[in-house]
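A.B. asks: Sequence:
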Amino acid sequence: MFVCLCNGVTSHTVTDVVRAGASTTKAVAHACGAGADCGRCRRTIQAILKSSTPGPEPESATPTAIRRHGLHEFDQ
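Taking the working numbering, the leading residue of the sequence shown gets 122, the next gets one more, and so forth.
Hint data in this document are derived by calculation from the structure and do not stem from the laboratory.
Check each hint, because a few of them may be wrong.
The calculated lysine to aspartate or glutamate pairs, modelled on EDC-like cross-linking and capped at a C-alpha distance of 20 Å, are [claimed, not checked]: (1) K171 - D137; (2) K147 - D158; (3) K147 - D137.
Given these sequences and hints, build the entire structure.
C.D. replies: So, in structure tokens, the structure goes:
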């Protein structure tokens with residue numbers, strides 16, 4: 122899918138740039154050109170950036186939460 126029509130940049134290219142270390146829309150624009158012209162694609166780039174960063178582990182899956190709720194690892 123094309124993310125940036127101005128520069129013909131695909132979502133695959135943006136994802137590769139993010140994996141290589143770009144962490145802002147400005148860094149993505151510098152690396153591959155997406156978002157460097159009109160800027161209409163920056164929200165899509167931000168969504169790719171957000172989905173590429175690992176989020177915190179869900180609270181319900183942490184060992185502390187398991188102990189807090191009285192659940193044991195062996196309970197099913």
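A.B. asks: All hints, please: hold or fail.
C.D. replies: Hint check:
no. : hint        : in the structure
1   : K171 - D137 : holds (14 Å)
2   : K147 - D158 : holds (11 Å)
3   : K147 - D137 : holds (15 Å)
Going through the hint list in order, the structure satisfies each hint without exception.
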